[in-house]
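Peer 1: Next come the chains, spelled out residue by residue.
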Amino acid sequence: MFQKVLIANRGEIALRILHTLKGMGLATVVAHHAVDADSPAVLEADESVELHGLTSVAAYLDIAQLVEACRRSGAQALHPGYGFLSENAAFARALEAAGIVFIGPRPDSIELMGDKVRARSFVAQRGFPVAPSAIEDDDPASFVERARALGAPLLIKPSAGGGGKGMRIVRDLAVLDREIETARREGKRYFGDGRLFVERYVERPRHIEVQVMGDAHGQLVHFWERECSVQRRFQKIIEETPSPALSTVQRHDICEAAAGIARAANYRGAGTVEFIYGAGGEFYFLEMNTRLQVEHPVTEMVTGFDLVREQVRVAQGEPLGYTQADIVQLGHAIECRLYAEDAEHDFRPSTGDILCWRPPSGPGVRVDAGVREGQAVTAAFDPMIAKIICHGNTRAQAIERAILALEQSVLLGLTTNARYITRVLRHAEFRAGQADTGMLARCADELRESLTPDDIDLVLASAVLADRELLRAVHSIPAMHAAMGPWRN
Amino acid sequence: MKRIDSRIDTAFEAFRRNHQAMSAIVANFRERMEITRHQRPPHEIKRVRAQGKLLVRERLDLLLDPGTPFLEFSALAACEDYNGEVPGANVVTGLGVVSGREVLIHADDSSVKGGVWYTLTPRKLARLLDIALENQLPVLHLCDSGGAFLEELSGVYIEGGRVFRNQCLLSKAGVPQVAMVFGNCTAGGAYIPALCDYSIIVRGTGGVFLGGPPLVKAATGEEHTADEIGGCDLHTQVSGTVDYPADNEAHAIAICREIVAQFKPATKSYLPERDAEPPYYDPDEMLGIVSPDHRVQFDQRELIARIVDGSRFHEYQPAYGTTLICGYAYIWGYRVGILANNGVLFSDSSKKAAHFISLCNQNRTPLVFLQNTTGYMIGRNYEMEGITKDGAKMLMAQAGSEVPKFTVITSAAFGAGYYGMCGRAWDPRMIWAWPNVHMGVMGPDQAANTLADVKIAQLRRKGHTPDEAEMAQLRQRVYEKAERESNAYFATSRLWDDGLLAPTDTRNALGMALSAAAHAPIADPHYGIFRF
Amino acid sequence: MRRRYVINGKVHDLVVTRGANGVFHVSHGERKFEMQGKTLPDGRWRVTVDQRPQAVWIAAQGDSRFVHSAATGALEVEVIDLSAASGGDRAGAASDLLQAPMPGTVIAVHVAAGDAVHTGQPLIVIESMKLETTLTAPRDARVKTVHFAVGNTFALKSTLVTLQDP
Numbered sequence: 235m236f237q238k239v240l241i242a243n244r245g246e247i248a249l250r251i252l253h254t255l256k257g258m259g260l261a262t263v264v265a266h267h268a269v270d271a272d273s274p275a276v277l278e279a280d281e282s283v284e285l286h287g288l289t290s291v292a293a294y295l296d297i298a299q300l301v302e303a304c305r306r307s308g309a310q311a312l313h314p315g316y317g318f319l320s321e322n323a324a325f326a327r328a329l330e331a332a333g334i335v336f337i338g339p340r341p342d343s344i345e346l347m348g349d350k351v352r353a354r355s356f357v358a359q360r361g362f363p364v365a366p367s368a369i370e371d372d373d374p375a376s377f378v379e380r381a382r383a384l385g386a387p388l389l390i391k392p393s394a395g396g397g398g399k400g401m402r403i404v405r406d407l408a409v410l411d412r413e414i415e416t417a418r419r420e421g422k423r424y425f426g427d428g429r430l431f432v433e434r435y436v437e438r439p440r441h442i443e444v445q446v447m448g449d450a451h452g453q454l455v456h457f458w459e460r461e462c463s464v465q466r467r468f469q470k471i472i473e474e475t476p477s478p479a480l481s482t483v484q485r486h487d488i489c490e491a492a493a494g495i496a497r498a499a500n501y502r503g504a505g506t507v508e509f510i511y512g513a514g515g516e517f518y519f520l521e522m523n524t525r526l527q528v529e530h531p532v533t534e535m536v537t538g539f540d541l542v543r544e545q546v547r548v549a550q551g552e553p554l555g556y557t558q559a560d561i562v563q564l565g566h567a568i569e570c571r572l573y574a575e576d577a578e579h580d581f582r583p584s585t586g587d588i589l590c591w592r593p594p595s596g597p598g599v600r601v602d603a604g605v606r607e608g609q610a611v612t613a614a615f616d617p618m619i620a621k622i623i624c625h626g627n628t629r630a631q632a633i634e635r636a637i638l639a640l641e642q643s644v645l646l647g648l649t650t651n652a653r654y655i656t657r658v659l660r661h662a663e664f665r666a667g668q669a670d671t672g673m674l675a676r677c678a679d680e681l682r683e684s685l686t687p688d689d690i691d692l693v694l695a696s697a698v699l700a701d702r703e704l705l706r707a708v709h710s711i712p713a714m715h716a717a718m719g720p721w722r723n
Numbered sequence: 151m152k153r154i155d156s157r158i159d160t161a162f163e164a165f166r167r168n169h170q171a172m173s174a175i176v177a178n179f180r181e182r183m184e185i186t187r188h189q190r191p192p193h194e195i196k197r198v199r200a201q202g203k204l205l206v207r208e209r210l211d212l213l214l215d216p217g218t219p220f221l222e223f224s225a226l227a228a229c230e231d232y233n234g235e236v237p238g239a240n241v242v243t244g245l246g247v248v249s250g251r252e253v254l255i256h257a258d259d260s261s262v263k264g265g266v267w268y269t270l271t272p273r274k275l276a277r278l279l280d281i282a283l284e285n286q287l288p289v290l291h292l293c294d295s296g297g298a299f300l301e302e303l304s305g306v307y308i309e310g311g312r313v314f315r316n317q318c319l320l321s322k323a324g325v326p327q328v329a330m331v332f333g334n335c336t337a338g339g340a341y342i343p344a345l346c347d348y349s350i351i352v353r354g355t356g357g358v359f360l361g362g363p364p365l366v367k368a369a370t371g372e373e374h375t376a377d378e379i380g381g382c383d384l385h386t387q388v389s390g391t392v393d394y395p396a397d398n399e400a401h402a403i404a405i406c407r408e409i410v411a412q413f414k415p416a417t418k419s420y421l422p423e424r425d426a427e428p429p430y431y432d433p434d435e436m437l438g439i440v441s442p443d444h445r446v447q448f449d450q451r452e453l454i455a456r457i458v459d460g461s462r463f464h465e466y467q468p469a470y471g472t473t474l475i476c477g478y479a480y481i482w483g484y485r486v487g488i489l490a491n492n493g494v495l496f497s498d499s500s501k502k503a504a505h506f507i508s509l510c511n512q513n514r515t516p517l518v519f520l521q522n523t524t525g526y527m528i529g530r531n532y533e534m535e536g537i538t539k540d541g542a543k544m545l546m547a548q549a550g551s552e553v554p555k556f557t558v559i560t561s562a563a564f565g566a567g568y569y570g571m572c573g574r575a576w577d578p579r580m581i582w583a584w585p586n587v588h589m590g591v592m593g594p595d596q597a598a599n600t601l602a603d604v605k606i607a608q609l610r611r612k613g614h615t616p617d618e619a620e621m622a623q624l625r626q627r628v629y630e631k632a633e634r635e636s637n638a639y640f641a642t643s644r645l646w647d648d649g650l651l652a653p654t655d656t657r658n659a660l661g662m663a664l665s666a667a668a669h670a671p672i673a674d675p676h677y678g679i680f681r682f
Numbered sequence: 003m004r005r006r007y008v009i010n011g012k013v014h015d016l017v018v019t020r021g022a023n024g025v026f027h028v029s030h031g032e033r034k035f036e037m038q039g040k041t042l043p044d045g046r047w048r049v050t051v052d053q054r055p056q057a058v059w060i061a062a063q064g065d066s067r068f069v070h071s072a073a074t075g076a077l078e079v080e081v082i083d084l085s086a087a088s089g090g091d092r093a094g095a096a097s098d099l100l101q102a103p104m105p106g107t108v109i110a111v112h113v114a115a116g117d118a119v120h121t122g123q124p125l126i127v128i129e130s131m132k133l134e135t136t137l138t139a140p141r142d143a144r145v146k147t148v149h150f151a152v153g154n155t156f157a158l159k160s161t162l163v164t165l166q167d168p
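Residue numbers (the numbering used here), protein chains in the order written: chain H, 235 to 723; chain A, 151 to 682; chain R, 3 to 168.
In isolation and in its complexed conformation, chain H is listed as follows (with noise of 0.2 Å):
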């Protein structure tokens, strides 16, 4: 039904969407900001386009440009990648009145999940599980007292965020008036609505996630779970599949109630249902996320589907052409997200130029990079240089190489966390298969660098040889004197 497709995405999305589009037989074109106009995605594009803005990230967000940029093209469809106006229900809108297909689902889905209290409230209704909660809508009047009798621990979270920002988990219920004040203002502050709603808070939680694809026929199926559970601050680091936390009756449940989820939903296109798992089994909705994610990549290492070809697909009109039973996990696959922040202190976030760019290979390792050698990393844009995927036929074999393959990785220029992610991947916890979401801040200290002596020297030793100026002052001592040594009379 269409032949070109306009990429509104950059970095590894962007060039992992072209990757399948080129396989498709599809044209392809990408819209960039200058500061990406080098960038792989954008050289390996049939066409591209410039867009332009006060800051290079505004310059992604303008929907009025990429409509545009669609005309002045001639794509007829559009895949909004991740971030940026993936989730942007007024810009799914403004590429259907223009008459170009949106690559994901409805707007009106994508409405409804993305106000996390109506979306809350919906699956409630129709009988999946929620976490006991006190939302404020319901009686701004009650709300605190509603939420107080909850019990503690809870977790305030505010209505229009998402993404894990502005939440505040409180076990103290003195504080709780004070928390709800402070939560409100930054509500209002980072999305512009003070709204909240309290949920009880899971001790140890666990966070898994269901992979859904639906066709605009009423068929939908999942692709099974993802845990990701290893995050800092709400931010995932490393992802796997399948669940090393669930029983199959369990898997069958969640995976289950997502898909239920999603069909009461009428969704269409590639989704995720996030769920928290408590250490007694249990089972909550978090939250929908109406687009394709970051770990994609776990469920197709696992499933050998390409989530992104039957995103396409759908998009197309096509049924999904396979049902349920189709869908089988073979092996192990776990992800590590490479992020450009230095964890030695405080994970702050670190710039410089790409030196050096020598990423991993070899069986079962895929990495999915959206950079190049000689490109600058500034904090404009998400830190996220790129994502490391190993599969193995058990858990154990897909940890292994994970671990190889993050020793070497090789990038020069800026700090990374593949050092830190190899520690997380080595620690007692993450191996049992045991880690929640609170295991990187309850192990902060045994997971800090170590580096012995031996290490330092071979890195001093390194560094002097590509010392040009020490080398030469070294060699500019007369031979004699050198043979003399420190020789004193």
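I should point out that these hints are in silico values taken from the structure, not numbers from a laboratory.
Source: prediction; values computed, not measured.
Note that the Cβ used here is the ideal one computed from N, Cα and C, for glycine as well.
Some clues are possibly wrong.
Stated by the list, open to error - Examples of chain A residues toward chain R, derived with CB under 7 Å:
{"hint": "1", "residue": "Pro216"}
{"hint": "2", "residue": "Gly217"}
{"hint": "3", "residue": "Ala404"}
{"hint": "4", "residue": "Ile405"}
{"hint": "5", "residue": "Glu408"}
With chain H's structure known, arrange chains A and R on it following the hints.
Peer 2: Here is chains A and R on its own, set in the frame of chain H:
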């Protein structure tokens, strides 16, 4: 080039006795050096630390290139003067490598009496600067002195002028100097950084002024701190007297190293011609070859064999004038012409020396003099042969020589033989003595006997005839004084040499000296009149 | 030669001398080792420390050296120039008063009293003899006072901005 055939038997009784005695002399020498260099009263060290300063050798450690040699000059200057209270005359001077460049260093030692100048201090500095002029070597000054010692003002006054004059001539010759001001540069001392091409000052402790606070107050009634009169900010921001401010001593030294790294690369008038090769024979054996008694003869070829590369030596005129050995060898790859005494100088040996010196000047070979001489031969027959004329020819050859000359006194240096073999007055680029050495116009017993005879004659004239015991006592007293005034420490204390060397250090000292001396061009030789 | 390297905020003062056949001797603190290196065809270096060879990726940019080995992952080594670096102890006192290098007029003020500033941050822009100069913070500090406003003229060495500890 043939290797010297050593005839030494290390099992031989005389060898073992010599070795034992000489080792003791060398051990004693090294101990005196250690004390002079490092032993300081604890309260002085505390004072230096309290001022936030480093000790002089700590500064040198930071300044010199790590893993390089340092040849210190006259470490034992003033060791027999001023009651031995002024180690090294309160300054350290020497030859080292900084930022890959061979340089001379003058470093004040303020850990003794605030580093004040005694008369021997500027004399030691002037000598360093003479070496700088003759060899065209850059000089780095580490300044930190209390100024002139008030009880030695007149001596310092006259000697000091030569220091500044030499600095100006160095600059005139295009040889760079850098000063690091760590402490005070007062009165005359203020000219040292002012006459340097580059100067650095440490904020807070460095001060440069013609008159310090007490003098200024006495002269004009003004009351200022040292920093206010001539501190870092005043001189680096307002007056322009000093070029670089430094936050601390390590910073100042780092700046100096950076400056030296910018110097024009050295152009050398000669280079090593071969790869260096250590001596074939063990240099330690030199301690068994030389006797502590300077009257005992030994063959200096055995010493040469333990100093030069591969112990190889090309002897010149091996059959003629055999009391003077002449020949070519290599030291650390540098080709040298060696003259070494094996006894008294005769007419033939004197003529041989003059000829060899002119040969080496013609082929631009630096000369090394290994002195062990009791002088020129005396006697009627020798006079008839013209010994005086021939000695004069040797001196004339010395004076006309333009190649770098280096002198090492290995045992004895008496009479005019000391002159002929390039003594102090004959401009060796550097001159050293071994700690067992005795030198003077005549040997101590000769001196003692002559002097005793004169004294006895005097007493007799006055009507007193001394008995055996009295005469023995008189001779003993005179001998002891003559002995003390002819030993190596006496000489080195007065800066008659550029330092004492342990015999086994001779090779490295000569290597460094040869490399350093090549910084100056070698002019064509030009001689006065030889009385033929 | 002496060299100061900083890895992860830790200072290492090295002494490097050369031995025979391309070997270097390195000592830092209590540790000593021998090293040599040669490039490999794929762009890596084979670095041998005390007879133990390892393949290492090395990249250089400005005053930083980046090193990657399987054992250590990627680490950055900062090279500190000892002749330029302030000793540290006296750095503050001398540079808390930003003085005018020439008489002129203030044309822009970027900070206010109480602002935290970092090294190199532009503080005030002055104009003199048709030349615009931006004065920057010599160290991480906090602005104590800005003595002149836009449009004011000042004399040589006037204190334009006073800084204090952050």
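Peer 1: Take the hints in turn and mark each one as holding or not.
Peer 2: Verification of the hints:
| no. | hint | result |
| --- | --- | --- |
| 1 | Pro216 | holds, 4 Å |
| 2 | Gly217 | holds, 3 Å |
| 3 | Ala404 | holds, 4 Å |
| 4 | Ile405 | holds, 5 Å |
| 5 | Glu408 | holds, 4 Å |
This entry satisfies every hint, going by the numbered hints stated previously.
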